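Novice: Given these sequences and hints, build the entire structure.
Protein chains in written order, with my numbering: chain E, 1 to 174; chain A, 175 to 918.
No lab work stands behind these hints, which were simulated from the structure alone.
All values derive from a computational prediction rather than experimental measurement.
Check each hint, because a few of them may be wrong.
Unchecked claim - The calculated label-pair distances, taken between Cβ atoms and stated as ranges, are:
#1 A:V279 <-> E:S100: 40 to 50 Å
#2 E:K153 <-> A:V279: 42 to 52 Å
#3 E:Q168 <-> A:G268: 25 to 35 Å
Unchecked claim - One-sided excerpt, in silico: chain E residues whose CB lies under 7 Å from chain A:
#4 Q33
#5 K36
#6 L166
What the hints assert, rightly or not - Below 27 Å or equal to it, Euclidean Cα-Cα: the simulated BS3-like pairs (lysine-lysine) are:
#7 E:K85 <-> E:K114
#8 E:K36 <-> A:K266
#9 E:K72 <-> A:K266
#10 A:K266 <-> E:K75
Positions of the beta carbon are idealized from the N, C-alpha and C atoms, including for glycine.
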Amino acid sequence: MMIVSCVGWSVRRAIAANPAPPEYQVKAAFLYQFIKFIEWPAQTFSTGHDTVIIGVLGEGPMERALAAVQGKTAKGRTVAIERYKTVADLDYCHVLFISSSMDDQLPAILKRVKGWSALTVGDVEGSARRGAMINFITVEDAIRFEVNVGAAKRANLRISSELLGLAQVVLGVP
Amino acid sequence: MPFLRDVPIRQKLARIVQLALTVALGMGAVVLLVVEFQMYRSVMTKEMRGIADVIGTNSRAALTFQDPAAGERTLAALGADPRVMAARLYTKEGHRFATYRRSDVNPDLMPATAPSDGLSLRMRSVTVVQPIRLDGERIGTIYLQFDMAPLYDFLLKHALVVIAVLGLASLVALVLSSRLQGVISGPVVHLAAMVKSVTEKDDYTVRAVTSGQDELGLLTDGFNEMLARIQERDAALQQAREGLEERVACRTRELQIEIAERRRAEEQLRKLSGAVEQATDGVLITDREGVIEYVNPAFERLTGYSRDEAIGRTPRLVKSGHQTREYYEKLWQILLSGEVFRDVLVNRKKDGTLYFEETVITPLRDSQGAITHFVSVGRDITERKQAEAALAESEEKYRTLIEVSQDAIFINRHDHIVYVNPATLTLLGAEKPEQVIGKSPFDFIHPRYHDVVRDRIRSLLDKGESVSSLEEQYVRLDGTVIDVEVAATSLTYKDGTAIQVVVRDITERKRAEQEVRDSREQLRALAAHLESVREDERTQISREIHDELGQLLTGLKIDLSWVARQLPGDKGALQAKVRTMGALIDTTIQSVRRIAGELRPGLLDDLGLMAAVEWQAQEFQSRTGIRVHLTAAPSELDLDREYSTALFRIMQEALTNVARHAQATVVYIALKADAERLLLEVIDNGTGITPDALADRRAFGLLGMRERALLLGGQVVISGRPGQGTTVTLVVPLKRPATTHPVG
Numbered sequence: 001m002m003i004v005s006c007v008g009w010s011v012r013r014a015i016a017a018n019p020a021p022p023e024y025q026v027k028a029a030f031l032y033q034f035i036k037f038i039e040w041p042a043q044t045f046s047t048g049h050d051t052v053i054i055g056v057l058g059e060g061p062m063e064r065a066l067a068a069v070q071g072k073t074a075k076g077r078t079v080a081i082e083r084y085k086t087v088a089d090l091d092y093c094h095v096l097f098i099s100s101s102m103d104d105q106l107p108a109i110l111k112r113v114k115g116w117s118a119l120t121v122g123d124v125e126g127s128a129r130r131g132a133m134i135n136f137i138t139v140e141d142a143i144r145f146e147v148n149v150g151a152a153k154r155a156n157l158r159i160s161s162e163l164l165g166l167a168q169v170v171l172g173v174p
Numbered sequence: 175m176p177f178l179r180d181v182p183i184r185q186k187l188a189r190i191v192q193l194a195l196t197v198a199l200g201m202g203a204v205v206l207l208v209v210e211f212q213m214y215r216s217v218m219t220k221e222m223r224g225i226a227d228v229i230g231t232n233s234r235a236a237l238t239f240q241d242p243a244a245g246e247r248t249l250a251a252l253g254a255d256p257r258v259m260a261a262r263l264y265t266k267e268g269h270r271f272a273t274y275r276r277s278d279v280n281p282d283l284m285p286a287t288a289p290s291d292g293l294s295l296r297m298r299s300v301t302v303v304q305p306i307r308l309d310g311e312r313i314g315t316i317y318l319q320f321d322m323a324p325l326y327d328f329l330l331k332h333a334l335v336v337i338a339v340l341g342l343a344s345l346v347a348l349v350l351s352s353r354l355q356g357v358i359s360g361p362v363v364h365l366a367a368m369v370k371s372v373t374e375k376d377d378y379t380v381r382a383v384t385s386g387q388d389e390l391g392l393l394t395d396g397f398n399e400m401l402a403r404i405q406e407r408d409a410a411l412q413q414a415r416e417g418l419e420e421r422v423a424c425r426t427r428e429l430q431i432e433i434a435e436r437r438r439a440e441e442q443l444r445k446l447s448g449a450v451e452q453a454t455d456g457v458l459i460t461d462r463e464g465v466i467e468y469v470n471p472a473f474e475r476l477t478g479y480s481r482d483e484a485i486g487r488t489p490r491l492v493k494s495g496h497q498t499r500e501y502y503e504k505l506w507q508i509l510l511s512g513e514v515f516r517d518v519l520v521n522r523k524k525d526g527t528l529y530f531e532e533t534v535i536t537p538l539r540d541s542q543g544a545i546t547h548f549v550s551v552g553r554d555i556t557e558r559k560q561a562e563a564a565l566a567e568s569e570e571k572y573r574t575l576i577e578v579s580q581d582a583i584f585i586n587r588h589d590h591i592v593y594v595n596p597a598t599l600t601l602l603g604a605e606k607p608e609q610v611i612g613k614s615p616f617d618f619i620h621p622r623y624h625d626v627v628r629d630r631i632r633s634l635l636d637k638g639e640s641v642s643s644l645e646e647q648y649v650r651l652d653g654t655v656i657d658v659e660v661a662a663t664s665l666t667y668k669d670g671t672a673i674q675v676v677v678r679d680i681t682e683r684k685r686a687e688q689e690v691r692d693s694r695e696q697l698r699a700l701a702a703h704l705e706s707v708r709e710d711e712r713t714q715i716s717r718e719i720h721d722e723l724g725q726l727l728t729g730l731k732i733d734l735s736w737v738a739r740q741l742p743g744d745k746g747a748l749q750a751k752v753r754t755m756g757a758l759i760d761t762t763i764q765s766v767r768r769i770a771g772e773l774r775p776g777l778l779d780d781l782g783l784m785a786a787v788e789w790q791a792q793e794f795q796s797r798t799g800i801r802v803h804l805t806a807a808p809s810e811l812d813l814d815r816e817y818s819t820a821l822f823r824i825m826q827e828a829l830t831n832v833a834r835h836a837q838a839t840v841v842y843i844a845l846k847a848d849a850e851r852l853l854l855e856v857i858d859n860g861t862g863i864t865p866d867a868l869a870d871r872r873a874f875g876l877l878g879m880r881e882r883a884l885l886l887g888g889q890v891v892i893s894g895r896p897g898q899g900t901t902v903t904l905v906v907p908l909k910r911p912a913t914t915h916p917v918g
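Specialist: Written as structure tokens, this is what we have:
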């Protein structure tokens, strides 16, 4: 109930500014909040650079929903949004959201971002099992997520135990 | 402590010790319990904050990712601590997010929305509300409620232990104090027994046994000393009683002497009192506060208040309100300083009438010199005052009158000016009274009048009357001379005789008079001049008529005679005609002579006044038929032409009037002269001139006569009596006055 009402409120505000589906508004907010519960290796952020980049791969409603997050701060850094149409367009980012339309290219994507310490987030159930670090799922009308702890550890990312306490932890492909 | 009052001292001491101990221990126990309660609660609060912090931190992800189930899982950990009654998480917006409660707690007691942060202490529980933050941002609120019941259990146990200890301590104290109190109570009990024996047997020789050097020892010593003192005092008292009887006898003798003296004083007082009672002045005695204690009969008569009415009141009884409050304050100031007060007061009688009282108030002093009474002696001087007031009023009126007078008024006292009014200053040209006052009036009177004025002053002072006004001349301060009219009256001035002088400036009047006189003189001169011119013209015309016409007519007559001689005798009608013509010429010659004579009698110039008068009388008689009697005293007078002309014309006018108005039959003309004067009288026996005719301004004939006479310095008097004729009298001086200056 609580979540529904929260979402409903978010929808109204989103329609006024930028009409994205309520589901994606919540997901966009989660993407932003993940930043606070993830620890990147120290070298990931260049000195004096105070931006944290959320990249969006492929087309979909998330691109519009993230507009609400752009310019906010997390961990003392300003959130910036980058958009990539194809895998070839991918560039360095801290969080990478993989639209459902791009899910079939997941292995190529993971290969491309390897070594960047980017938190990969999928939008298709089961993508965590297939190598993405987090993917969104829907449980009883609420948006939840699965976490692939191994994938994160391989990318030198540390996921806070608080976050893990909420997530369904899966073991993915090695 | 009434419950201890009648208890024996032994028990008293024991109970006091026991009570003090119990109270002290009880208070200590209470303080201990309170401190323990505070400490416990403070520790618990700190612990609660710690728990709230841990739970809040562990709930951050659940709040962030909107997972209430996760939140409830976290809160469930609190079940390990039985003191936690309830806990709840709230979202950032304050909505309920997740809840925990102990099974026996009613969930409705928790707030539905996030309460404000802070700590709240209640009897049964303590509540903590704290924010939950993530990355510096508030994401929610945690609410924790702790149970206080374990604390109360703990405190109850402590209290029971304390009460048990208290009871035991009190018992021990009672036992110990019963044993130890004998140290103090022993000597006291001994002293009490001693006192009782002294009181019962009245024996002051016994002494108590001293127990030591402490306060009780001192008390015993003091008691013994007191007994010794009482013994001494008893003996002294006996001695004093014997001396007292002797002093009483001595005092009785003194009193007898005093009584005799007082009798004499009373006798004297009675005499004085009688004098005051008989006095004619009102006497009033007040005490120091001004309350009347005595009034004499004269006071009763004076004010109308009886003695009974006055006594007990204050002198305000007769207050009229005519004296100010300040006046009375001053009066009291004088009296209280011990001085005698004298003044005239306006007071009011009982019937309301006001009166002036000459009052003398004297303070009376007792033998120590302190003022005890005031004596007021008053006399009614109203009549005197009224007379004074009336006098002052009339003086004031007089002064006002004088001050505004247009006439100069000054007062001369012994030839000194002592007062001047403003008009005097104006008259004399002074600016300030000082320029005039103190000087002699003779400084301002023209020296020509000094003698006259001295005479007037003398007669004024001798007879004491006023003198009629006199025209004099004054000399002003700037030296100019002015004409004045002066009247003077003698009066009393400052207890002496003085003269009030009223001076009126008549310079203007004088000048006007002079102007009238001058203009009249000029007119007269003009008239004379005209008359003389007319007379000259007449003379000339008369001569011309007489000489020219006369010669022509004479020539004509000679010629006619010659014609008549030449006429033949047969021409009788012609001859008759010539004779008629001759007669006509003769008549014409006569007429010419008469006219010429009337214009100017040639006789007057040729033969003088007398001849002219005679001729005129004859001519008048023959013309009018009125008989004329002429009396001329001097046969000849040597008068100049002007004189003789005037006289002749006046006579001629008088005769004309007789012929016109008098209806007379006889006229007497008299002409007399001596060395100085010449008199002409024309008297008729006609109807007599009336006073109206005499006063008629249009009667130029009469006016002409008068004017002519005035020119000569003479006078014409015309008088008439009805039926008895008219008399015209002319008197002229033969020496003409010098003041007459003909114009031209």
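Novice: Against this structure, judge whether each hint is valid.
Specialist: Comparing the hints with the structure gives:
A hinted range of 40 to 50 Å holds for the C-beta pair V279 of chain A and S100 of chain E, which are about 47 Å apart. Distance hint for K153 of chain E and V279 of chain A: a CB-CB separation of about 43 Å, consistent with the stated range 42 to 52 Å. Between Q168 of chain E and G268 of chain A the C-beta distance comes to about 30 Å, which sits within the given range of 25 to 35 Å. With its C-beta approaching chain A no nearer than about 5 Å, Q33 of chain E sits inside the 7 Å limit, and its interface hint holds.
About 5 Å separates the beta-carbon of K36 of chain E from the nearest beta-carbon of chain A, less than 7 Å, and the hint is met. Checking L166 of chain E against chain A: minimum C-beta separation of about 5 Å stays under 7 Å; hint holds. Pair hint K85 of chain E plus K114 of chain E holds up; C-alpha atoms about 19 Å apart against a cutoff of 27 Å. Taking the CA atoms of K36 of chain E and K266 of chain A, the gap is about 17 Å. The hint holds against a cut of 27 Å.
Distance hint between K72 of chain E and K266 of chain A is fulfilled; the C-alpha atoms sit about 17 Å from each other, no more than 27 Å. Taking the CA atoms of K266 of chain A and K75 of chain E, the gap is about 19 Å. The hint holds against a cut of 27 Å.
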